[in-house]
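Chain residues, written in single-letter form:
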Amino acid sequence: MNTEMICRVEDLGLVDYEDAWACQKVQVDRVRAGARPVLLLCEHPAVITLGRLAPEKNILVSRETLEHDGVQVVSIDRGGDVTLHAPGQLVVYPILPLAHWKKDLHWYLAQLEQVAIDLLKSFGIVANRISGKTGVWADSCKVVSIGIGVRQWVTYHGVGINVDMDLKLFDLIKPCGLDARMTSMARLKGVAVEMRDVKECLVKCFHRQFNLPMIYASAQL
Amino acid sequence: MSFVILPELGEGIEKATVACWHFKEGDLVSLDDDIVEVVTDKATFSVSAGASGTLTKILAQDGREVSVGETLGEIEPQ
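Line order of the protein sequences matches chains P and F. So for the first sequence, our numbering puts the first residue at 467; every next one is plus one. So for the second sequence, our numbering puts the first residue at -7; every next one is plus one.
Quick caveat, the hints were computed from the structure, so don't treat them as lab data. Heads up, the beta-carbon is just placed ideally off N, CA and C, and yes, glycines get one too. Hints may be right or wrong, so weigh each one.
Taking CB as the label site, the calculated pair distances span [said to hold, decoys possible]:
| hint | chain 1 | residue 1 | chain 2 | residue 2 | range |
| --- | --- | --- | --- | --- | --- |
| 1 | P | 526 | F | 46 | 18 to 26 Å |
| 2 | F | -7 | P | 662 | 26 to 34 Å |
| 3 | P | 523 | F | 62 | 29 to 37 Å |
| 4 | P | 541 | F | 24 | 43 to 51 Å |
| 5 | F | 6 | P | 587 | 20 to 28 Å |
| 6 | P | 655 | F | 23 | 45 to 53 Å |
| 7 | F | 59 | P | 511 | 39 to 47 Å |
| 8 | P | 573 | F | 69 | 26 to 34 Å |
| 9 | F | 62 | P | 498 | 22 to 30 Å |
| 10 | F | 48 | P | 655 | 35 to 43 Å |
| 11 | F | 6 | P | 682 | 52 to 60 Å |
Facing chain F, from chain P, some residues (calculated, C-beta under 8 Å) [stated by the list, open to error]:
| hint | residue |
| --- | --- |
| 12 | 538 |
| 13 | 540 |
| 14 | 669 |
| 15 | 670 |
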């Protein structure tokens, strides 16, 4: 690995899905041009996103109902099916040049799963993979969702970690097209979990998994 | 002729599905342009142009399942 490679951590806070998406596109172009990799951290107001392979039928309520409830719907160029973001879910968008590690989509997905498993372990939660399904599970429920995009071997999209959120929102969709029950770190622990603590731990786990020095930088939306 | 080929995407990934072409036959493309997007189960991957020129043929249309190494299109270099 290039010893000079350092990853910028940018915390965007609570940000509209489409603003974060625009930010990712800019960052991907920069990293393609040789800039430092970036780890974007954020939360989104309630939004349902449809991946390339997502059938509309996996949204279980009408558009009118969603509009009434203030839930946006966005079609995007990520792999995977339908998913939902909302405040209390930590969304992580790593913008990494995979050529520095391994040009392998499955390898990268497994790295992200391991980061999430390590993170959860730090909070005393035993989580695992389920063969053939991407994501991370605890108590037979899904706690972390993963879907990625890659352009010229630079990554975008990423990971949604249910920290402490309104899990009823997942009743609006069939998450990832699966009949999966969703859970959160707070539900698994039975106590409130601080987003700030999860972000800090995530950066440490990411640093260890990718052997990548991390520096905090001001967010550039 | 420069061929647009589905590259190796990783261990155990032999196939992908063409999601969409960003250009149509006859369009001019530049080296490294993302010209066609494919999807696997949890990832989208943009295949880029290996040469600048005219996209003369699209051999794998949207929705087609394609294999690693398969030719997706042809570019006549300029």
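Going through the hints against the structure:
1. P/526 to F/46: 18 to 26 Å: 46 Å Cβ-Cβ, so the 18 to 26 Å window is violated.
2. F/-7 to P/662: 26 to 34 Å: violated (56 Å)
3. P/523 to F/62: 29 to 37 Å: Once the Cβ atoms are compared, 30 Å apart, the range 29 to 37 Å for residue 62 of chain F and residue 523 of chain P holds.
4. P/541 to F/24: 43 to 51 Å: violated (26 Å)
5. F/6 to P/587: 20 to 28 Å: Because 33 Å falls outside the window, the suggested range is violated.
6. P/655 to F/23: 45 to 53 Å: holds (51 Å)
7. F/59 to P/511: 39 to 47 Å: Distance hint for residue 59 of chain F, residue 511 of chain P holds at roughly 41 Å.
8. P/573 to F/69: 26 to 34 Å: About 33 Å separates the Cβ atoms of residue 573 of chain P and residue 69 of chain F, which means 26 to 34 Å holds.
9. F/62 to P/498: 22 to 30 Å: holds (25 Å)
10. F/48 to P/655: 35 to 43 Å: Roughly 59 Å apart at Cβ, these two residues miss the hinted range, so it is violated.
11. F/6 to P/682: 52 to 60 Å: violated (41 Å)
12. 538: With a minimum Cβ separation of about 20 Å from chain F (threshold 8 Å), the hint on residue 538 of chain P is violated.
13. 540: At 15 Å from the nearest chain F Cβ, residue 540 of chain P fails the 8 Å test, so the hint is violated.
14. 669: violated (23 Å)
15. 670: violated (25 Å)
Violation of the numbered hints given earlier is confined to hints 1, 2, 4, 5, 10, 11, 12, 13, 14 and 15; the remaining hints are satisfied by the structure.
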